[in-house]
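> All chains should be modelled from the sequences, with the hints used to inform the complete structure.
If you read the sequences in order, they're chains C and H. At position 58 of the first sequence the residue is numbered 58 (this note's numbering), and the sequence of numbers has no breaks. At position 21 of the second sequence the residue is numbered 21 (this note's numbering), and the sequence of numbers has no breaks.
Derived from the structure by calculation, the hints contain no laboratory data. Beta carbons are placed, not taken as given, at the ideal position from N, Cα and C, and that holds for glycine. There could be a bad hint or two in this list.
[Unchecked claim] Only some residues are given here: those of chain C computed to face chain H with a beta carbon under 7 Å:
#1 TYR28
#2 GLY43
#3 LEU49
#4 PRO100
#5 LYS105
[To be verified] Listed below are the simulated BS3-like cross-link pairs for lysine-lysine, each with C-alpha atoms no more than 25 Å apart in a straight line:
#6 C:LYS17 - C:LYS3
#7 C:LYS105 - C:LYS3
#8 C:LYS71 - C:LYS3
#9 H:LYS9 - C:LYS105
#10 H:LYS57 - C:LYS3
#11 H:LYS57 - C:LYS105
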Amino acid sequence: SQKIEQNSEALNIQEGKTATLTCNYTNYSPAYLQWYRQDPGRGPVFLLLIRENEKEKRKERLKVTFDTTLKQSLFHITASQPADSATYLCALAQDSGNTPLVFGKGTRLSVIA
Amino acid sequence: DSGVTQTPKHLITATGQRVTLRCSPRSGDLSVYWYQQSLDQGLQFLIQYYNGEERAKGNILERFSAQQFPDLHSELNLSSLELGDSALYFCASSVTAGTSYNEQFFGPGTRLTVL
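Structure below.
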């Protein structure tokens, strides 16, 4: 069966450290993968997108990698801050273009000052 | 602010009832998606419309239906409501420009509570 899994429900790290979140998938061949941030009671907010032929993408303190052999994406937040505390969702799309996203259940990140 | 609006923010109703959730996409976005988010299931895709036509269907129950109107706003109708339908319902929109990898912009959601 098809599955998309984020490694842990919750992750606690110290301020200033790098947070690494994992997203694994099985029985999908995604055209691209996206990461979203969701704060309690609010809609997800897009952060980064990486295509199947890209290995790594960066945006400010964020970095995402995509390994289609391992069927895994890693999401890194460097120099983490308490304001980064939120739930982070990975989502994949099986086709290019405007197709529905399949979401993982998310990892709740808490950055402790 | 994503530019996607949803009404109402909260809805409390009883089992067996019918409700309508409304979504206005960002200006210029032709695609609208509906998602359901519950604590145990995470964010689940329900249905997508593109320029008034149904484009894709996910795990949408037969008791649920949706449509997209000529002005591109969309409505999600939920009928014969059950306790298990209590959830956050999100609408998202995205730009359509041929082959693209556009992100989706989510609205603030409607929290539905069925008592």
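> The hint names LYS105 of chain C as touching chain H; please verify it with the least Cβ-Cβ distance against 7 Å.
holds (4 Å)
> Are GLY43 of chain C and chain H close enough, Cβ to Cβ, to be under 7 Å, as the hint says?
holds (3 Å)
> Holds or violated: is the Cβ of LEU49 of chain C closer than 7 Å to a Cβ in chain H?
Cβ of LEU49 of chain C sits 6 Å from chain H, so the hint holds.
> Next pair to validate is LYS57 of chain H with LYS105 of chain C; report whether the Cα-Cα distance is within 25 Å.
holds (20 Å)
> Take a quick look at whether LYS17 of chain C and LYS3 of chain C sit within 25 Å of each other, Cα to Cα.
violated (30 Å)
> So if I understand the rule, the pair passes when the alpha-carbon distance is 25 Å or less; does LYS71 of chain C with LYS3 of chain C pass?
holds (11 Å)
> Tell me if the interface restraint on PRO100 of chain C is satisfied: Cβ within less than 7 Å of some Cβ in chain H.
holds (4 Å)
> Just to be careful: measuring from the Cβ of TYR28 of chain C to every Cβ in chain H, is the smallest value less than 7 Å?
With a closest approach of 14 Å, the TYR28 of chain C hint is violated.
> Tell me if the straight-line CA distance from LYS105 of chain C to LYS3 of chain C falls inside 25 Å.
OK: LYS105 of chain C and LYS3 of chain C at ~11 Å, within 25 Å.
> Just to be careful, I want the Cα atoms of LYS9 of chain H and LYS105 of chain C compared with a cutoff of 25 Å; is the pair within it?
holds (23 Å)
> Is the straight-line distance between the alpha-carbon of LYS57 of chain H and that of LYS3 of chain C 25 Å or less?
holds (18 Å)
In this structure, the earlier hints numbered 1, 6 are contradicted, and the remaining ones agree with it.
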